[in-house]
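One line per chain: the protein sequences are Y and B, in this order.
Under the working numbering, the first sequence has 218 at position 218, and the numbering climbs by one with no breaks.
Here the working numbering runs 360 ahead of the position in the second sequence, where the first position is 1.
Please note: incorrect hints may appear among the correct ones.
Claimed, not checked - Keeping only pairs whose Cα atoms sit at most 30 Å apart, straight-line, the calculated DSSO-like set for lysine-lysine is:
| id | chain 1 | residue 1 | chain 2 | residue 2 |
| --- | --- | --- | --- | --- |
| 1 | Y | Lys-185 | B | Lys-374 |
| 2 | Y | Lys-185 | B | Lys-460 |
| 3 | B | Lys-555 | Y | Lys-91 |
Source of the hints: derived by calculation from the structure; they are not laboratory data.
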Amino acid sequence: MIARNFKNWFLRKIDERKRKRKIKGHIRELEVHRKLTKSQKKEVQDFYMSLIGKKVSLLSHEYFYSRTGVFSKDYVPVDLYYSNLLPKANKASVVQAYRDKNMFDIIFSGENLPHTYLKNRNGYYYFEGRPVSESEAIQLCQNLGQVIIKPTWSGKGHGIQLVDIKDGSVKSMGKPLIQLLKDYKKNFIIQACIRQHERMSALNPTSVNTIRILSYRSGMEVLIIYAVVRIGHLGSVVDNQSAGGISTTIDKDGRLGKYSFGGYNKDKIEKTDTGIVLDGYQLPSYDKTIEIVKRMHFNLPYFDIVGWDIAIDENGIPVLIEFNLGPGLSQSAFCSGMGEHTERIIRELWPRQNSKYPIR
Amino acid sequence: MQKVQNIFISLWDKIDNVMLKHREMKTYENVLTGYMKMLPDRKKLTKAQKEEIQHFYKGLIGRKVSLYSHEYFYSRSGVFAKEYVPTNLYYSDLLPKANKKSVQVVYCDKNMLDVLIPDERVAHVFLKCMNGFYYYEGRSVTREDAMSLCENLGAVIVKPSLASKGRGVQKLTIKNGKVEESGETLDQLLKSYGKNFNIQECIVQHERMAALNPTSVNTIRVLSYRFDEEVVIVYAVVRIGRLGKIIDNQSAGGISTTIDAEGKLGKYAVAGSKINNLEKTDTGVVLDGYQLPSYDKAMAMVKRMHTHFPYSRILGWDIAIDQIGDPILVELNTRPGLSQSAFGSGMGEYTERIIRDLWPRPNTKWK
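Okay, chain Y solo, but in the shape it has when bound:
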């Protein structure tokens, strides 16, 4: 038991160190580096001392302060967030099972999701929910037209492709469908393309631009920690930040903020690649989106912090693209850790057991 506790503690420390090292690297790449003053440092440490009873590393505050120019004690150190708060909020042992994108329509049956044609789960094929053999699957998918294919266990938009399947071959790549399925190996999904709302596609027509919402469940209440819109890079299919996408805050009425951030050092973008001014741009169906997120969060009893990627279709109906059980905080876009809820959330989570590195 003592050995196990020590191992968990040790692994957590290593995990925290990795996060800190990454932040240090980002700080080095910054163009402007702002140092925290002594009184600012004291403010941050006093704040965290009262919340969790110990001091925290100030690298994250320094980094986000340098990037945004806004100082706030409410920034959450990334090592604290990923190695402590997240595993306290989300049960680590079930995360793996729920992360499977092939489970989304099973968990959220009845909600709006993109239509799924073909699933491959652990090598077994399912066409529209019915188990089929590989040859049947190829037969049934011969003429799907424009579809999205994505691996089901990976994050950050890796391996997501827009393909055009006609007469059993993939048009853009010029290879047969069977080769495409072989390339994706054992776990993937083929879904219908979403036709997004004109105001969403105006931001960037080549990618599905999603509203990313972070929600926190506390008992029977669901709080919205933040909402940002992710806008893809012109020519890119995905809107992920790691693929050159930019993100902008959304206010309570669904209007965009003034500036957008991309990657780890691109700051203060005022226009999208298509030339649209971000400031005050009205998003469609924003309140509906919030309502749906709050409803869907109740279906995930083991997870209290969930990130949601929601697209708006041409009729203004929100469609769930993905949910994320280890979501980032978008602190640079938001100029704060968890906004007005920071203190409440940390206070609620801190007494719980860390489900990833449990110490008994």
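Following the hints, position chain B against chain Y.
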């Protein structure tokens, strides 16, 4: 520094895994050798038998196995077979090779059954409690709402959703917010079950199933195995509860009997870890040749359902038969036992094929 750390951690993990696996295997062995001491007559394996077994396993997995399982099951059933599977080999090697461990937590959650297979007949759940959050008929509700909605459910089954072996399963009557049997309030009942449980319908079973023992829901327990191209039934036994008991689990004294391919019962039933050769149920029904209702329907249902669980190769199913002869899924087990004593073999005719199929696969528990 980073490299040294990584090597250190991976080495630690490896030693840890080897030690824990060894300890786990030893525990399974100790359990059975403990039972062995309680057996009235113990049979020793002859030298030729020992050689036969080791030859068989050498050919399959390339190493010798410990023989305690063979000895125990031989002593119990009186039938010698090289196909008995050592329990520690089964639980520590074969099962984690067959079922991907990291996702099984969802499948063995009894609250997820109706979500995972919505098209099949599953015992109807009124109230779920998952991780402390309440759901009434699939809709998220507060605790107060849950209590007022369940005030007058009548006769129900309450069971913990993450426990197994029939632990904590109770048949209760809820009326006016009170439990009639014990007199405690619904509030106290919910509190005593903690964070993960459900309240579900009482299944009214087929008369031929009820005849075996009327107080418990007697289920057909099926073990199915999924090869790449087909699902096969490894064994099917019927579990019969003891008179007065509401569950049929072996750990609660329930007896189990083999079922042949046509749905007829075998000659003898076994119970617990040492009772053998029962010929009649507690109600006086002779087991030998007793025809179960809707047996082929139940098997077809199992084969259909197994295809919805792509990350599991071995699954155990508890199927009840309702009044009009339709099979109902009561429970799904992702770590099913093999019922070797009832069956007189490990995995029957499929033993060799299954072990050969599983052995090259990665162990998902002890990496």
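The hints, checked one at a time:
{"no.": "1", "hint": "Lys-185(Y) - Lys-374(B)", "verdict": "holds (28 Å)"}
{"no.": "2", "hint": "Lys-185(Y) - Lys-460(B)", "verdict": "holds (17 Å)"}
{"no.": "3", "hint": "Lys-555(B) - Lys-91(Y)", "verdict": "holds (14 Å)"}
In the structure shown, no violation is registered for any of the earlier numbered hints.
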